[in-house]
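S.K.: Each protein sequence line maps, in turn, to chains A and B. Going by our numbering, the first sequence opens with residue 2, and the numbers climb by one from there. Going by our numbering, the second sequence opens with residue -6, and the numbers climb by one from there.
Keep in mind that the hints were calculated from the coordinates and are not lab data. Please note: incorrect hints may appear among the correct ones.
What the hints assert, rightly or not - Restricting the straight-line Cα-Cα distance to at most 20 Å, the calculated cross-link-like pairs of lysine-lysine (PhoX-like) are:
| # | chain 1 | residue 1 | chain 2 | residue 2 |
| --- | --- | --- | --- | --- |
| 1 | B | Lys25 | B | Lys50 |
| 2 | B | Lys50 | B | Lys20 |
| 3 | A | Lys31 | B | Lys61 |
| 4 | A | Lys152 | B | Lys20 |
| 5 | A | Lys146 | A | Lys31 |
Unchecked claim - Derived list of chain B stretches under chain A, where covered just means 3 residues or more per stretch with a C-beta under 8 Å from a C-beta of chain A:
| # | region |
| --- | --- |
| 6 | 21 to 27 |
| 7 | 34 to 46 |
| 8 | 52 to 63 |
Even for Gly, the Cβ is constructed at its ideal location relative to N, Cα and C.
Chain by chain, the residues:
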Amino acid sequence: MRDVGDTEIGGFGISRKDDLLLVEDFLTAKQTASVVSVEFDDVAVADFFDRQVDLNHSPEQFARIWVHTHPGDCPYPSPTDEATFRRVFGVSDWAAMVIVARGGQSYCRLRFNSGPGGSIEIPVCVDYSIPFGGSDHEAWHEEYKTNIQVKRIVPRGSFDTAFDSVSLCNDAMAGDEDELFEDAGFGFEFDPFDPWEECQCEI
Amino acid sequence: MRIMYINNFGGGFADHIEIEEGTTVSKLFAQKIPDGRPEDYLIRVNRLPASRDQILKEGDRITITPTKIEGAAA
Ligand SMILES: [Zn+2]
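For reference, chain B alone in the conformation it holds in the complex (with noise of 0.2 Å):
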């Protein structure tokens, strides 16, 4: 099953992947991400918040990005 995956780990990444039928969103987060705590990220599919449990769908497209992005000046 084609699934669109976006996330900026490592080398980035924007392209179409294959992931086996009744994947979840969580489970691909762990494959992906192994390192990465969930609470980090947005995680959106189809532009939409994601539950842990959400399976996904062929043609979905899952965006990971990184929350509290934040800077000081002093």
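So here's chain A without its partners, still in its complex pose (with noise of 0.2 Å):
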């Protein structure tokens, strides 16, 4: 599912009932998504709150594990993931960060709020020791499709030099890619310029 488009994917990890941090599924709800960023539907979340909990799931179920990729390699989190862990999930008792990078490296930050409060970093892998289903490639398609408003961006200008790549990823560090970039409706026609090949991961 990560890598089905060229955008990033946001979810929630639905968790086994006698045991939180089993993360047995993932799902997205509507969303927009760039190459460098995600956000949920607003009315696309409650409709995900009251599905799963007409499906008698608890919001420690499904609410708690907030997961999504990194096109590049990656995993850690921006200051807008940061933001987005401390308004959003910091009114929980506990909840968890994954975040998973096409390179295949992962970051998972478990964080308490309740009582003295703190968070650790904790690992991610998979457990062979439970069963679990095989793949489907055509069912992660759908739900691309489906639930992943694609926002296209396109550069300005043309980026040549590696300078200018180093440049543009700076900025987009910094959350101004809207001034950088403009939604053109429309994919790359050439080989994308991929800011994740010059960037270094410096969080």
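Dock chain one against chain two, each of which comes alone in its own frame, and use the hints as you go.
M.R.: In structure tokens:
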């Protein structure tokens, strides 16, 4: 699912009732995503909550593990990620932010908000002791098509030099990508500029 | 009066609660999320957007969910 499109993908981990850190499913909600960002549709989040409750799931099972991808190979949270984790997930007793980078790296931080509070990075692994179904690429593509509205961004100018590339990446890190890109409604015609190729993971 | 209340605050909640007759959406929000800012949440009653003055009725289902969940790669 991580690699279905060239954008970020966001969603929620669905935990097992008796083991909340065991994620048995990953579900998306409608969202707008680009190669550098992802934002859920607020109504879709509410629909997701209502659907999960209808399935007899508790909020602890479906609304605590926020998962999103980074299309590059840097799994570390950006300032935007940190702000969301604090603002949205800081009101729950506990929550986890999981980031899966396309390069295969992952990051997970478990945060406790009750008592003295605190957070700790924890490893992410596949638990092969638990039975699970096979991959379903068709379903992943369908979910991507249904829920991820792709915000295409194309560079206004050319990025011929490594210097330009690094400069763009750093600016995007400051959250100013909208000023640097324009939504052209179509994809790259050529081999796209990949900001992560040049950008070191500097968080 | 019983209503269904769903949110992710604290321990999280998705169950029936008892409220007083005439309780408005804003009053319930203030009771349940005293430090919260309503603008940070989407508040729906029976899956429809609710106004702050809306009076809750027996059997209503109120869902309070966070807004602007966003991430970025860098
Ligand atoms: Zn991110």
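S.K.: Hint by hint, note whether the structure agrees.
M.R.: Going through the hints against the structure:
1. B:Lys25 to B:Lys50: Holds, because 17 Å separates the two Cα atoms, which is no more than 20 Å.
2. B:Lys50 to B:Lys20: With Cα atoms ~14 Å apart, Lys50 (chain B) and Lys20 (chain B) stay inside 20 Å; holds.
3. A:Lys31 to B:Lys61: holds, 12 Å
4. A:Lys152 to B:Lys20: violated, 38 Å
5. A:Lys146 to A:Lys31: holds, 10 Å
6. 21 to 27: It is violated, with 1 qualifying residues against the three required.
7. 34 to 46: holds (count 3)
8. 52 to 63: The restraint on the region 52 to 63 of chain B holds, since 8 of its residues have a Cβ under 8 Å from chain A and three suffice.
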